[in-house]
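Asker: Sequence:
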Amino acid sequence: MVFVRTTPPRPVEVTAVFPELAPLARPAIRLHPRPGSPSVGDSSVGGPLLWPAGEPWPHCEDAHLHGDSGFRQSPAEVRLDRYRRARRHEDPYGPSFTPEEEAAMEQKAARLAERLDAGPPWPAECPVPLLPVAQLYVRDVPLLRPPGEADLLQVLWCPYDHEPDWKPATAVFWRSAASVVDVLATPPEPYEANYSGYVPEPCLLAPEAITEYPNSLDLTPELRKVVGDWSRWQAAGADVDGSYAEYPAEFYHSDLANAPGWKVGGWPPWGRTDPYRRYCTVCEAQMVPLLTIASFEWDSSRHGWVPYEDRAACAAGRPAGLSPAQPTRVEVGSTDNMQLYVCPTSPEHPHTDLIQ
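Numbering (our numbering), first residue to last: 303 to 658.
Keep in mind that the hints were calculated from the coordinates and are not lab data.
Only a predicted model underlies this, so the values are computations on that prediction, with no experimental measurement involved.
Heads up, the beta-carbon is just placed ideally off N, CA and C, and yes, glycines get one too.
Keep in mind that the hints are not guaranteed to be accurate.
[Said to hold, decoys possible] For each label pair, taking beta carbons as the anchor points, the in silico distance ranges come out as:
#1 Tyr549 x Asp484: 51 to 59 Å
#2 Asp531 x Arg312: 17 to 25 Å
#3 Thr647 x Ser481: 41 to 49 Å
#4 Ala537 x Asp383: 39 to 47 Å
#5 Glu524 x Arg328: 15 to 23 Å
#6 Thr575 x Glu524: 20 to 28 Å
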């Protein structure tokens with residue numbers, strides 16, 4: 303399936319109103335994940351990975367995972383429940399399966415349900431296999447800067463809360479797609495997930511290049527004062543709703559700064575905390591944004607970022623839990639974003655992540 307998503311132009315040209323922000327412009331690629339049936343040869347969210355058959359599948363070895371999480375569903379059951387709900391509500395934007403895929407999912411979920419009823423796994427069944435989160439080919443996302451001959455980024459996580467931030471623990475891999483001759487046919491899956499929002503729905507991508515400006519919290523105090531000066535907006539003739547006259551910085555934050563949703567590069571989506579700089583543990587370089595993992599593609603305060611192709615679905619609304627604004631069904635953090643960072647000196651240095 304080939305599809306596109308197109309972000310509407312910003313209602314105001316940022317640098318025309320605030321030329322001081324021009325040096326802060328950054329390229330980003332909105333990924334626009336939408337439910338589909340990706341293959342190992344596709345860039346995807348929650349899809350199968352081009353993983354070598356002879357390479358061990360990554361596992362999480364944290365000791366706390368040996369106990370009962372309290373959430374009694376396997377990833378297969380989570381996905382099957384979503385499908386049943388979408389079918390019940392005749393939701394065209396929900397996950398879909400062929401009759402054969404549905405039968406296979408039913409059988410797999412039934413087998414795993416029997417295991418769950420038997421209680422949590424013995425320690426011998428741990429460590430826990432990681433779940434695929436994203437696979438990005440450089441051909442689709444040229445903003446990536448992989449090391450050496452690599453042309454593929456793979457991100458996985460453990461679908462359990464981990465201290466200290468109570469979020470999934472992530473793992474990042476770079477590889478050359480051409481070097482993978484035999485693909486691992488049946489990767490292992492976790493026994494259960496800590497939370498259904500940690501099980502990404504398989505999605506195809508429609509990458510779109512955009513330009514971003516910093517989140518308000520990333521601006522210097524002087525620049526925050528500038529974007530909050532209503533007279534500057536008026537002097538530039540900016541077509542801004544007069545209701546923002548008292549809080550023009552809110553208009554900048556919601557409609558002109560960093561885009562919501564899954565993306566590569568750009569500016570991070572601060573909100574839970576003030577900006578928190580990350581430094582490489584190997585070379586001490588300041589880390590830069592790699593991948594934003596988002597619960598929502600837009601929200602009620604950021605409808606201006608809804609792609610043209612999604613506007614009808616956005617206006618129509620959907621039953622709770624089936625919103626087109628949450629295509630991946632991922633839910634992370636109190637502000638619904640997890641930011642992965644990479645070392646600009648060497649992508650092979652250990653990555654970091656942060657709930658923002």
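Asker: I'd like to know which numbered hints this structure contradicts. Please list them from smallest to largest.
Answerer: As far as the earlier hints go, 3 and 4 are violated by this structure, in ascending order.
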